[in-house]
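With the hints as constraints, model all of the structure from the sequences given.
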Amino acid sequence: MSHAHDHPHDDGHRHPFQPDLEDAPFAYHQVLAQAVGDVLVAKGVFTAEDLRRQIEAIDAAEPARGARLVARAWIDGGFRERLLRDVNAAAAELGVDAGGIPIRAVANEPGVHNLIVCTLCSCYPRLLIGLPPDWYKSRAYRSRAIREPRAVLAEFGTAIPDDIEVRVHDSTADLRYMVLPLRPEGTEGWDETRLAGLVTRDSMIGVALPRVPAAA
Amino acid sequence: MRRHHDMGGIEAGPIERGEHDYEPWEKRVDAIMRLLTHPSRRVMTVDELRRGIEALGPGAYDAMSYYERWIASVTEILIEKGVITVDELGRTMSAVEARWRQERAS
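Line by line, the protein sequences give chains A and B.
First residue of the first sequence? That's 1 in our numbering, and the numbers climb one at a time after it.
First residue of the second sequence? That's 1 in our numbering, and the numbers climb one at a time after it.
Calculated directly from the structure, the hints in this document are not laboratory data.
A few of these clues could be false.
Once the Cα atoms are required to be at most 16 Å apart in a straight line, the calculated EDC-like pairs of lysine to aspartate or glutamate come out as [to be verified]: (1) B:K27 to A:D202; (2) B:K27 to A:D59; (3) B:K81 to B:D47; (4) A:K137 to A:D202; (5) B:K81 to A:D202; (6) B:K27 to A:E49; (7) A:K43 to B:D87; (8) B:K27 to A:E56; (9) B:K81 to B:E48; (10) A:K137 to B:D87.
So the derived list for chain B, only partly shown, Cβ under 10 Å to chain A, looks like this [to be verified]: (11) R17; (12) A55; (13) E97.
Please read all numbers here as calculations on a predicted model, not as lab measurements.
All C-beta atoms in this analysis are idealised placements derived from N, C-alpha and C, irrespective of residue type, glycine included.
Next comes the structure, spelled out in C-alpha cells:
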C-alpha cells in the first residue's frame, strides 16, 4: 500500500524503519477498553470465552444475514408477512439471531422508498447487516437524512423520482429498522441464494437500491 | 433546548463516505457492550450507554472517536452502578500498561 515507489527490490536496498502499530504510545482509551474487559472477566460478569465469542460474532455478522431475510421475503409471501410483523422472530425461523432489540422492516413499494437513520447516535440492526459504516454515524448523515433525504440519496448516486414518496425512519435504542427493498425486475425464477446476491448493505439502509441482475 | 448530540435536521455539509476497518480494540468495546446489555445479564442498557455519551459534553464529544465515547460511557455507567470501582479499574489499567510495555520490550 505504501509501496508507491518505483525502485527494484532485489538490490539489497532497505526501507527506512517503519514503526509497527504496537510501537505507538499506549492510547488511553485502548488501555481503558482492555482494563474494563479484564475487570469484568475477573469479577465474573462474563467470561473471557464469552468475550472472544462475541468478537467472533461481530466479525461474522456480515450483511449476508440480512440479505437472506430479504431474499426469502421476495420468494415467500408468508415469510414476508411475518418479517414485516416481527423481524426478530422471522430471523429466528432461519436460525439467525437478530438480537434482543426489536427491529422493524420497512418495505419499499412501487410508490414508496424508505431510508433509515439514527439522528441521536447510531442505532442499527448490527446483527443482520454488520457494524454500521462510518458515514451512518457521521454528523452530516445524521443531520441531513431527515431534512433533505433526496439530496442525501443523490449523493449516494440514488436518484428517487419526485413522484416516489421518500419515508425516513429515525431509529432509537428500543426500535431499529431495516429496509426491505423491492425485488429487481428480471429475476423471475431466481432461487434464494442468487437473489440474496443482489441485496447489499446499503440497500437495506435505503441509500441504494439492490444490484440489477445484469451486474450481479 | 437541543443538546449537542441531537443533530437531526440541522444543516451540515456533504457526507464523507469513506469507511475504515474496525480495529481490534473497537470490536472489543462493541463486544463488551453487547455482553453487558444481553438479556441474560442486563448489567446496563443501550439507553444508559447513550446517556453516558450525551453527558460527555460538546468538547469531549467532538474530540473523541466513536468507540472512545462508548468505552468512556460504559466505564462511567459501570462505576455509577457499582459494578466496578475506580480503584479496581485504576489498578487494572496500570497492570495492562505494564504488561504491554513488557511485551513490547521482549
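Structure-based check of all given hints:
1. B:K27 to A:D202: With Cα atoms ~21 Å apart, B:K27 and A:D202 exceed 16 Å; violated.
2. B:K27 to A:D59: Roughly 9 Å between the alpha carbons, so the hint for B:K27 and A:D59 holds.
3. B:K81 to B:D47: It holds: about 14 Å lies between the C-alpha atoms, which stays within 16 Å.
4. A:K137 to A:D202: Within the cut-off at roughly 14 Å; holds.
5. B:K81 to A:D202: Between B:K81 and A:D202 the Cα gap is close to 38 Å, so the pair fails against 16 Å, i.e. violated.
6. B:K27 to A:E49: holds, 15 Å
7. A:K43 to B:D87: With Cα atoms ~14 Å apart, A:K43 and B:D87 stay inside 16 Å; holds.
8. B:K27 to A:E56: holds, 9 Å
9. B:K81 to B:E48: holds, 11 Å
10. A:K137 to B:D87: It is violated: about 33 Å lies between the C-alpha atoms, which goes past 16 Å.
11. R17: holds, 5 Å
12. A55: Cβ of B:A55 sits 13 Å from chain A, so the hint is violated.
13. E97: Because about 6 Å separates B:E97 from the closest Cβ in chain A, which is inside the 10 Å limit, the hint holds.
Consistency note: the structure conflicts with the earlier hints numbered 1, 5, 10, 12.
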